[in-house]
Amino acid sequence: NAGVMQNPRHLVRRRGQEARLRCSPVKGHSHVYWYRQLPEEGLKFMVYLQKENIIDESGMPKERFSAEFPKEGPSILRIQQVVRGDSAAYFCASSLMAAPNTGELFFGEGSRLTVL
Amino acid sequence: KQEVTQIPAALSVPEGENLVLNCSFTDSAIYNLQWFRQDPGKGLTSLLLIQSSQREQTSGRLNASLDKSSGRSTLYIAASQPGDSATYLCAAISTGANNLFFGTGTRLTVIP
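Chains as they are written, first to last, in the numbering used here: chain A, 345 to 460; chain B, 750 to 861.
Isolated chain A (complex conformation) (with noise of 0.2 angstroms):
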């Protein structure tokens, strides 16, 4: 009864490297939600998926950022050319029912990227 699984639960870049963090929802769920936090701050949406789209990317910055939630296989965010503020703990969440119907939604442990 696996919740939602999140890896690496840590990772280090250098500056200008590529950080991929991987979700696999609650079995069953195909709505996936990432969220950033940074040091201090409270979580940030950053965008929400369902399997083979993108629903809402609002909260996700226009550059370096992109994120895929394919028909096989976890969801994948991907930070290329990391930067330093970059540095934060990756959190995704995931949910039975589609927003804005979401119910509850189940977090993971999150991946918490540190950029060198």
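A few of these clues could be false.
[Unchecked claim] As a list, the in silico DMTMM-like pairs of lysine to aspartate or glutamate whose alpha-carbon atoms are at most 20 angstroms apart:
id, chain 1, residue 1, chain 2, residue 2
1, A, 371, A, 407
2, B, 791, A, 453
3, B, 750, A, 385
4, A, 388, B, 752
[As the list claims (entries may be wrong)] With beta-carbon atoms standing in for the labels, derived distance ranges:
id, chain 1, residue 1, chain 2, residue 2, range
5, A, 422, B, 790, 21 to 31 angstroms
6, A, 420, B, 790, 17 to 27 angstroms
7, B, 759, A, 388, 19 to 29 angstroms
8, B, 809, A, 346, 16 to 26 angstroms
9, A, 364, B, 812, 16 to 26 angstroms
10, B, 752, A, 362, 31 to 41 angstroms
11, A, 408, B, 795, 23 to 33 angstroms
12, B, 858, A, 441, 17 to 27 angstroms
13, A, 371, B, 758, 14 to 24 angstroms
14, B, 763, A, 410, 32 to 42 angstroms
15, A, 385, B, 809, 42 to 52 angstroms
16, A, 361, B, 766, 31 to 41 angstroms
17, A, 458, B, 767, 35 to 45 angstroms
[Stated by the list, open to error] Stretch by stretch, here's where chain A covers chain B in the computed footprint (C-beta under 8 angstroms, at least three residues):
id, segment
18, 778-785
19, 841-852
Everything labelled a hint here was simulated from the structure, so no lab data went into it. Every residue, glycine too, gets a C-beta built ideally from N, C-alpha and C.
Starting from the structure of chain A, add chain B where the hints point.
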């Protein structure tokens, strides 16, 4: 745009005390409101979900209330224990929106 505020930012209480955590939101047209617990370096654990048609929800020693007209929610913790020490986050999803808006949390310390 929904804005969620949690006051105080930090709270220390002796073990056994009852306490209330406060959450306020600016857009009363919310679909639901969810309370989470976050331990240091960990993910979010959902505690209670209150739908817009509900006034409160209870789970064990926890009780969450929702007053849409005043834009407020409270989380009541009865007979606090050291294991309750964590950051408590309030998050609201507005009607028609796709995402939760989070407060910055209240960091609770229960002193044995």
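Item to check | Enumerated hints in conflict with the structure, sorted upward | outcome: 1, 9, 12, 13, 14, 15 and 16
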